[in-house]
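Below, each chain spelled out in residue letters.
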Amino acid sequence: DAKTTQPNSMESNEEEPVHLPCNHSTISGTDYIHWYRQLPSQGPEYVIHGLTSNVNNRMASLAIAEDRKSSTLILHRATLRDAAVYYCILRSTSNTGKLIFGQGTTLQVKP
Amino acid sequence: EAQVTQNPRYLITVTGKKLTVTCSQNMNHEYMSWYRQDPGLGLRQIYYSMNVEVTDKGDVPEGYKVSRKEKRNFPLILESPSPNQTSLYFCASSLRDPTTDRSPLHFGNGTRLTVT
Numbered sequence: 001d002a003k004t005t006q007p008n009s010m011e012s013n014e015e016e017p018v019h020l021p022c023n024h025s026t027i028s029g030t031d032y033i034h035w036y037r038q039l040p041s042q043g044p045e046y047v048i049h050g051l052t053s054n055v056n057n058r059m060a061s062l063a064i065a066e067d068r069k070s071s072t073l074i075l076h077r078a079t080l081r082d083a084a085v086y087y088c089i090l091r092s093t094s095n096t097g098k099l100i101f102g103q104g105t106t107l108q109v110k111p
Numbered sequence: 001e002a003q004v005t006q007n008p009r010y011l012i013t014v015t016g017k018k019l020t021v022t023c024s025q026n027m028n029h030e031y032m033s034w035y036r037q038d039p040g041l042g043l044r045q046i047y048y049s050m051n052v053e054v055t056d057k058g059d060v061p062e063g064y065k066v067s068r069k070e071k072r073n074f075p076l077i078l079e080s081p082s083p084n085q086t087s088l089y090f091c092a093s094s095l096r097d098p099t100t101d102r103s104p105l106h107f108g109n110g111t112r113l114t115v116t
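Chain order of the listed sequences is A and B. Residue numbers for the first sequence follow our numbering, so the first one is 1 and each next one is one higher. Residue numbers for the second sequence follow our numbering, so the first one is 1 and each next one is one higher.
Incorrect hints may appear among the rest.
[As the list claims (entries may be wrong)] Straight-line alpha carbon distances no greater than 30 Å define the calculated BS3-like cross-link-like pairs of lysine-lysine that follow: (1) LYS57(B) to LYS18(B); (2) LYS71(B) to LYS17(B); (3) LYS18(B) to LYS69(B); (4) LYS57(B) to LYS71(B); (5) LYS57(B) to LYS3(A); (6) LYS57(B) to LYS17(B); (7) LYS18(B) to LYS3(A); (8) LYS17(B) to LYS65(B); (9) LYS17(B) to LYS69(A).
Hints are computed from structural coordinates only; laboratory data are not their basis.
Here chain A stands alone, though its shape is the one from the complex (with noise of 0.2 Å):
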């Protein structure tokens, strides 16, 4: 099954950026890359997600390796509400429509 691998925890300082790391490296040519983050006592959220180029939105940014067995979500500029649980996400290679999360990152943010 596809996997991905993330560190436990990081820390961050308020106001400056974060770069959340991911490791696919049995990704296959057609797997997006999800990232979802989760707030305490809430339900999973979308953040951003790409396939082979960088992506952009109001929320964050996807630096995909070249090679697309890594990517990084960067937070460009962190604030108090940006700490959570931060998962990434690929499809099992067996089925379409499995998806695994792994156990995520646990962000932390310091005023």
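Fit chain B to the supplied structure of chain A, relying on the hints for placement.
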């Protein structure tokens, strides 16, 4: 308002007493899925459905059943709950298969189940 609605939000039950957690979405989404979340284990997929009458197992399907008779509803059924099914459950939906499509997943607010 576009949303995924789960009920109930909290449920305490006893071992062996059948229960159903409902999930409904009002976005005409084809894809729906159930996850459980446990400390240290992250989010694990239980079952998913690509469309009406099409369901498939996720990573941890044992002890659960689902059905997809209508597009909007995807109930999670525990025929004989056990204490190891005590967990936080999330339902999610997306327009199409989110793994090979751009469709993001929309999650419900969760159901906290305790089985004693």
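For each hint, the structure was consulted:
no., hint, in the structure
1, LYS57(B) to LYS18(B), "holds (20 Å)"
2, LYS71(B) to LYS17(B), "holds (27 Å)"
3, LYS18(B) to LYS69(B), "holds (20 Å)"
4, LYS57(B) to LYS71(B), "holds (18 Å)"
5, LYS57(B) to LYS3(A), "holds (17 Å)"
6, LYS57(B) to LYS17(B), "holds (23 Å)"
7, LYS18(B) to LYS3(A), "violated (34 Å)"
8, LYS17(B) to LYS65(B), "holds (14 Å)"
9, LYS17(B) to LYS69(A), "violated (45 Å)"
The structure fails to meet hints 7 and 9 from the earlier list, while all remaining hints are met.
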